[in-house]
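Chemist: For the protein sequence lines, the chains are A and B, in the order given. Residue 1 is where the first sequence starts when you use our numbering, and the numbers rise one by one after that. Residue 80 is where the second sequence starts when you use our numbering, and the numbers rise one by one after that.
These are calculated hints, taken from the structure and not from any lab test. Idealized CB from N, CA, C, for every residue including glycine. Where hints are given, some of them may not hold.
As the list claims (entries may be wrong) - Reference listing, derived: stretches of chain A covered by chain B, where coverage requires no fewer than 3 residues with Cβ under 8 Å from a Cβ of chain B: (1) 22–29; (2) 35–48; (3) 57–63.
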Amino acid sequence: MRPSLADLPLGQHAEIASIDCERRLSRRLMEMGLLPGTRVRVVRVAPLGDPIELRVRNYSLSLRRAEAAKIAVSPEEAV
Amino acid sequence: MSGSAALPQVLIAGNPNCGKSTLFNALSGGSAHVGNYPGVTVDRTSARLRLGEQELELVDVPGMYSLTASSPEEQLAVNALTEADTRAVICVVDATTLQRGLYLALQLIESGVSVVIALNMMDSAERIGLRIDTERLSQLFGSPVIPVVATKRRGLDALLAALDEALEPDSGGKKANVTYPPELEADVAKLVPVVAQWRSGTAPSQLRVVALWCLLSLGEDSLRGVPDDVRKAVHGIREAAIAQGRNLDLEIISSRYVWLDDALGQACSARDPRPSWSERIDRVLTHPIVGLVIFAVVMLGIFEALFAGAEPLISAIESLTGFMQAQAAAILPPGVFQDLVVEGIIAGVGNVIVFAPQILMLFLFIGFLEDSGYLARVAFVIDRVMRGVGLHGKAFVPLLSGFACAIPAVMATRTIERRRDRLVTMLALPLMSCSARLPVYILVVGTVFAGQSLGWFSAGAVALFSMYTLSVLVTLAAAAVIRRTVLPGPAPTFVLEMPPYRWPSAPILWLNAWRRLRIFLVDAGTIILAMTILLWALLSFPKSADVTEHYTAERARVEQMAGSDLEKAEALRSIDSQEAADQLANSLGGRFGHAIEPAIRPIGFDWQIGVGIIGAFAAREVFISTLGVVFGIGEADEENTPLRQALRDARHADGTPVMTPLSGVSLMIFFLLACQCMSTIAVVRRESGSWKWPVFLFSYMTVLAYIASFAVYQGGQLLGFG
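With the sequences and hints as input, model every part of the structure.
Modeler: Okay, structure coming up:
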């Protein structure tokens, strides 16, 4: 199984593979620029462990882990 | 709104946090009219704008990421766009997050309206190393792109010149044109004839755009005014697409982003921007330990300001109201009219403006947190806790403010994006133990627990602490229950942009806080004033001629008596208090208190407390002054010794004391849970947009209060307390 955004280690770049969740949320995420092929990185985790903060298309977006778990990613090879 | 309806409209649209409202204020010079969009509880902020010979109405459309809509609130942007008076749109784009901002601009251009793109925060973009070729961008989009810095009023003249040109018919050349996949175009072609019947006036070239919008927006929506055959057609097309393994949403959205990525590749330097100082601040502010400490300090600061900082201002307003009442009483001849002015109108106006300090303070704070970017971090830090009860992280500040006063707290719920989440929060937060409940607790504790202790602590302290703990637990429980029963639906998602930190502009903070206050004074204020007058009438009429006659005779008797002037004055004052008590007992409110006695007896109250509860509907602390009148003491506060003594001496018909520790706890719990506050009702009416929700709020809180007090009082008696 592909890893999801929720599994991504802090700071690791990845490419979004697919978004598989309820339509309203997936549409919202896509319209905010999270599309298959878009590069993302988890930059921060909230003090209580959830939500997490992503860096995508030059801005920061926070998501709950439950939501991030529905976004499959392919991690980039460490350079 | 009627006066300006004929003016041509220019909309200002943009993402949240893009500086849209700053630009609106810069263009309008701060003068704005705040109204309401029809059918939804969203503020419609507009201002007049002179552009050469033309007079225009500039409308600040709420922040959005897209024209796609699934609720009436999201729909209003599309509606505003298709209004006949709309001539142009200024699309504000934060230059540091170009792609996402231009995604909206692209949709606006597709919709066929004249668009001017205001590229805001160009200074920040340059600082982080972004180079944007606005000429090239303008060619690609077929719309003028004007670099501006709204906070420094830079680029406004160029923007207005471009707007002036955009208002000319057929001003633009070739517009941006996204290429969609052929199979999607085939779907759109199928939908166009159906859409054409719905939008008969629309130009054929635009029907395609409407069809695209329908494909993306319809399905599981609550949009208004979409005909059934359009819905059916969209449903059919979507089902067919899914059967072929296609995702229509993805096809539409990614086609646009592909076009955008290509355009930006041509117009922007591809250099990876440097990490900004915002990142560095975040390392501290969302740090697991330091972040939580700072969070607690900021929240305590807000709390302290609302609780203690507003106090002198509130006292000053109350003194002023008292002074005005005394002046009016001195000028006007005694009688019903004087009472109406003094106890109805002046008291009512006082009841409204007494909220002004807390509302202003809270909105200055929230404005600062929001504009600086910290409010999003507050939600980020605390969301984990709020999620447990089905609330959004942004519900935290309103809930916390509820400890001070529900009125500004309910108004603060407008920072929460979705209507359902906002309603759950505003229906639960009046259960937070606000500062108006404290005097009632103090009176009760001083009456029934004076000098008693429980272990190391005084009984009063334990009682007070229990009330505050209970209020938090009940509020969270109520939110969870309301979320699951009255307002069911998908749990709130937490897709929240973390905007870069920015230093807020003081004039804009003031302007926004003042606008909020003005809305409260006008909309909620009129309801509060009307209710104050109604309540005054209820507790004043009918006047008993017998009582008046009896006390007139009493006064005459005292005047005749031998004795010093001081003694006479004392006796007369006592007669006044007695008369007020008798008149109140005879009034509708007094009779109502008697009438409900059988209902409140099982929770430990008698008719006198019943009258106090009715009076407390004006505001909870009025319970005390009403009791002062009921017991013939005159003016009284919670520290008043005669009142406490009178309460201790009060007896039920069977001779048992009314106020026992058990009935005291029952009374405190009743005040904790009941919605004894007409101003809360008024402000929930304003913020929810209908009477349905305040009526529900009042009903559920009253029922809850009664059941809880009943359980405590009856249970306590069974267990032998009492």
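Chemist: Give a verdict on every hint.
Modeler: Comparing the hints with the structure gives:
no. : hint  : verdict
1   : 22–29 : holds (count 8)
2   : 35–48 : holds (count 7)
3   : 57–63 : holds (count 7)
Checked against the numbered hints listed earlier, the structure breaks none of them; every hint is satisfied.
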